[in-house]
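Peer 1: Make a model of the complete structure from these sequences and hints.
Going down the list, the protein sequences come from chains A and B. Residues in the first sequence are numbered consecutively from -2, following my numbering. Residues in the second sequence are numbered consecutively from 4, following my numbering.
Hints are computed from structural coordinates only; laboratory data are not their basis. Just to be clear, a hint being listed does not mean it is correct.
Claimed, not checked - With a cut-off of at most 25 Å between alpha-carbon atoms, the simulated BS3-like pairs for lysine-lysine come out as follows: (1) Lys10/A - Lys114/B; (2) Lys215/A - Lys199/A; (3) Lys244/B - Lys291/B; (4) Lys77/B - Lys112/B; (5) Lys184/B - Lys113/B; (6) Lys260/B - Lys244/B; (7) Lys113/B - Lys10/A; (8) Lys112/B - Lys10/A; (9) Lys211/B - Lys6/B; (10) Lys10/A - Lys77/B; (11) Lys184/B - Lys171/B; (12) Lys215/A - Lys40/A.
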Amino acid sequence: MNNSARNIWTIAKREINGYFASPVAYVFIVIFLLLMGFFTFSKLGGFFEGGEASLAFPFFRWHPWLYLFLVPAVGMRLWSEERRLHTMELLLTMPITPWQAIVGKFIASWLFLAIALALTFPVVFTVCYLGHADIGTIFCGYLGSLMVAGGYLAVTCLTSAMTRNQVISFILSVVICLFLLLVGFELVTEWFVRWAPDWAVKTMAAFSFYPHFINFQKGTIDSRDLVYFASVIGFSLFSTGVVIRNLRAG
Amino acid sequence: MIKVENLEKHFGTKRAVAGVTFSVERGEILGFLGPNGAGKSTTMRMITGFIPPTAGTVTVGGHDMVEDPIPAKKLIGYLPENAPSYTDMTVYGFLAFCAELRGLRGDAKKKAVHRAVEMCFLESVMYQSTDTLSKGYKHRTCLAQSILHDPEILVLDEPTDGLDPNQKHEARQLIRRMGEKKAIIFSTHILEEVDAVCSRAIIIDRGKIVANGTPAELRARSDMSGAVSLRVVGIAAETVKTRLALVPGTKRATVVKEEGTVVWARAYPEAHSTNGALARHVAETAQKENWKVEELHTEEGRLDEVFRNITWSETGKDKEEKKA
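Peer 2: Structure representation (structure tokens):
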């Protein structure tokens, strides 16, 4: 392992341990799994009523909505806590680059979300037991879900660097993520079509998480969707770096 | 080891640091003094690379802090103001984390942590969460973090703040011990600390250096330096004052205090010197006059007086300025 990977891992390890050292991790995982189970198996998801060995509609459909609140809750403390406790001064005077810290923190939270997501495995067992499910599609579904979580998380990283107040960071990221989710829905774009030019509406819709997420649910891994999520994450983390640099420059 | 040249930092229109130049070599302990808000912490943050300077350069061990920060930061151990630490970690976990960021792994890491824990007397709280620690322990935990990698340079922002007198004493001894082989900068507003620890002191005020010298040199700038104080019994204060003013080599004489028949008086020398000539003259006069002298000594000068005279504290000289 080279130096920068080692520093990233050191920082990521500390963050992950931080989640599990406090009740945050356990509360989050329990709530996440309960809500997932509720939405999937109740009449809302219609897992049993659908009579189909598929997870796309009853299970994955809810992920972007649940993440809307749960992901900012996981990520809101990443930088705002460093600012509040002044540990940022300690961290950034260590022989590491700010990038390593930003990426390390992001990876840690993403990994934590991945762990929570992986714990939904009984749903997969259930669907396989009850019928002939397409494992490939389910895998794509999980990948898409993880990508949406990563996108939301990167946005939360950015908002948490902007303030030392976790609540503000949480609300800001929920609003931004909600916007990025909704602009993909026709119900919302319709409203824009009335007054905005066509190209503007299309561009805006292309920025939405939702169509890219849906592509994964159809069982396809399109490089365009991967590039989309990579750009959202890349852009947000880059902006986080800019915010932190400006903070230090005063 | 540390070279600071024409360092400036502006926050908006406010010049927090306005052209600071100094250097610190190995074996030196530099005390950084100044009133609150004088720019001490800002200067230290620029030296350690936390904030970039508006103008000027910081060179640490030959590496420019802005151009080449990683090797420069490796040489420094830093105790930030208020001694921050991650509240969700134990003392051991926190120190191990910092050691890893310093590039220490495996056995080297364990050894470094145990050495730092021993030096800062943290054995008893090693596995306690840092947010349950008392202020003194928190401070020492952060201090331990700064010496983990046995750095050649230590930058300590108010290392004795919030410690009790015993802990202050320990911390000063630790700094003095380490100062034999390292270059140390530490800020404080406790003046006795400068005497106890520093080999050199810089007084900074409104972002500028207003004094730079050994503690003795700074003290010599005091009016009191070389003055002779004496305590006599049974003589009228006025008589003592008039007679003292006539002693050869005396600029002026004052009565410091009067209590019943006891008089405290002081003779100030024409030229600053502490060789005792004035004291001899005063003693001769007292003998001639048949004064009952209870005490007689030469003053060394007081740092707090020097400090007050050369710093523009927000409350003092500003008001005088406004009045005038």
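Peer 1: Determine which of the earlier numbered hints do not hold for this structure and return their numbers in increasing order.
Peer 2: Structure breaks no hint.
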